[in-house]
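Below, each chain spelled out in residue letters.
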Amino acid sequence: MKLTRREFGKQVIYSAAALSASLSFPTFLIPSAARSRVVLARSEKLKRVNHQLSEENAAHFLDQAVVKITGRSSPPAAWKSLFSPGERIGIKLSCLPGKPLSSAHGLVMAIVRGLKAAGVSENHIYIWERTNRELERAGFDISRSGLKVEGTDAYLGDGYSENIEFAGSVGTRFSRIMEKVDALINVPVLKDHDLAGVSISMKNFYGAIYNPNKFHRNNCDPYVAELCTHPMIKDKLRLIVCDASRIQVNNGPAFYPKYAWEYGGFLVSQDPAALDYIGWQIIEKRRKQIGLKPLKAVDREPKYILTAARLKLGNIDEKYIQRIEI
Amino acid sequence: MKNDQLTRRSFLKYAFSAGSICSLALMEGALLFPAVKNDEFIREAKYYEKQGEKRVTCKLCPQECRVADLERGTCGVRENRGGTYYTLVYGNPCSAHIDPIEKKPMFHYYPTTEALSIATAGCNFVCKFCQNWEISQKRPEQVHSMKFFPKRVIDVAKQRNCKTVAHTYSEPVVFFEYMLDCAIEGKKRGVPNVMISNGYIQEKPMRELCKYLGAVKIDLKAFTEKFYKEICDGTLKPVLDTLLVLKDEKIWFEIVVLIIPTLNDSKKEISDMTRWIVKELGPDVPVHFSRYYPTFMLKNIPPTPPATLHQARKIAMDNGVKFAYIGNMVSDAENTYCPSCGKVLIERLRYHVITRGMKGNRCKYCNEIIPGVF
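Chains A and B are the protein sequences, given in the same order. First residue of the first sequence? That's 31 in this note's numbering, and the numbers climb one at a time after it. First residue of the second sequence? That's 20 in this note's numbering, and the numbers climb one at a time after it.
Read the hints as simulated data drawn from the structure, not as lab findings. Only true hints are included.
Only pairs whose alpha carbons sit at most 25 Å apart, straight line, appear in this in silico PhoX-like list of lysine-lysine:
#, chain 1, residue 1, chain 2, residue 2
1, A, Lys-323, B, Lys-73
2, B, Lys-69, A, Lys-326
3, A, Lys-129, B, Lys-73
4, A, Lys-318, B, Lys-73
5, B, Lys-73, A, Lys-288
6, B, Lys-223, B, Lys-69
7, B, Lys-269, B, Lys-341
8, A, Lys-323, B, Lys-69
9, B, Lys-318, B, Lys-245
10, A, Lys-333, B, Lys-248
11, A, Lys-326, B, Lys-73
12, B, Lys-69, A, Lys-288
13, B, Lys-298, B, Lys-269
14, B, Lys-318, B, Lys-147
15, B, Lys-269, B, Lys-223
Looking from chain B toward chain A, a few residues come up when the C-beta cut is under 8 Å (computed):
#, residue
16, Glu-72
17, Arg-74
18, Ala-87
19, Asp-88
20, Leu-89
21, Arg-91
22, Gly-92
23, Gly-95
24, Gln-156
25, Gln-161
26, Val-162
27, Phe-315
28, Met-316
Quick reminder that beta carbons are idealized off the backbone N, C-alpha and C, glycines included.
Between the sequences and the hints, there should be enough to build the whole structure, so can you do that?
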């Protein structure tokens, strides 16, 4: 029943972080030292056929994207600059809507190729989501040996860490897979979300905690951003590859063909706020094209992206985002 | 890299959970809880409105969650599937135990009897001090659950000589449909059901429940909106409204207030609360002041000093509450005293209860009527 020294220290740190965040001037107006790179790959070859994406095509464009992100001269050098042999890498997918609007299998396998090029052993790669069922419905075969494909629910107990972790006003438990891996690659899908506004990279981590249903009010603000300040995410997230082969601009997160758009692309970045901001703008532009109101006008502005910038998770001012198209 | 290994603590926890389920399963001499098929426990929810484009708005509790297709409400146990809202936990409790009714706590409703006590996962609050967070804050797929449909619940209650069935531990409002059907079945067969709740429910479903329940216990967590918002993720006003509905429905109910140092223990707050209770609900409603212990997300405040609880009880009694108790610690304030002659009517030492001075529902010394169901 007593507060341990470790727990006390943790609570003090998070309280201080939350306090400083709440007191600070909108710091997203103050640029980070370096510009954030967001690579946008688009091609007819990146459109889905029967809900799937060609692994070959995805790998071709992804290799180019990581070269641009890292500034290295070749794809192997780029992948090696991001990941090291011996590291355990978690690839967090987004599979709630089923095959039509989940992280495409071909894109995920292209990421696995890149990791192998960096010397990461297949045994050390964990492709994961909340549940085995969600993975299977998205077209992934469950595997616990070699290249691992498994849901948090396949792990001990309920699959989540024993201790409650705090990040601002969020109190939660993380997937045990998050504890197990050294680095994370986040593979969300670019889509609308009926409460959050948009669900892109940061919101995808609601699938990494045991109680996401507790953080949906006020357009998920500040909860999404605060969650992403936790070291379990902030310190481990190394790359985001956002599937935009097919995007959805209204009525998400379930697949709703009426609002889907065969965009034929993906976004790559290391800055979650910048990537989400660019993704949000893509959704807004398409909404306008098809006669939908801006998200703000329908009380669904994704304010958590602004909060993320305020919490220094990344840049959302386009002056400080280097947008690279391939 | 030991995270998926079983620690000694985890092993004991799972062994204990499995043991408690097995003990209930075996007590009937047969397997009570056969293998679970998920879809067996899914029923269309009551009290929601369909909106356009497969959205729904839940009308069960004051959260009024707007829920898109494939998403769940804040309770985590009600899900929108293609524009229809479902409860995922019908007949699927994760806890089933036989407890003394005093453990709820409920002191004026069949004292000394036992209650078959059940709960599913889920809650519509996030109380930072929740003692049962390991079920209340989880989703159904994150707990070990059992098949236990309403008819079987009442069968087992009768076989085990349980006077009542208690919907408790987590938050029964979120498993409304299951609780309602248990209460209907129980009323038919002479096993009243009791709801142990935070009272965060809309008026219509509460009134429907009142037709079938035997009694209700409400956790009045504080008397300020600030506390409800910051500590529970809820609001106070709907809870007070529920208490007024219970009074209006003339169902037996008791109130529990968990006193947490510095958060809800001021003399003024206790006084305001108990004056409201006496004025709006009457002096006969028992009020239990419970001792808080650090847990879940509130570990940096020490347990409530006994003196604070005694002070709260005195304030309540000075304000006219006739039956004020102290719980979660041993004291003579667990006893029921006759408000007229002052003699001990029911003596309690935790869950050891002796009814010394009762004759039916009256004080055997002075013939005063004692409110409740005895």
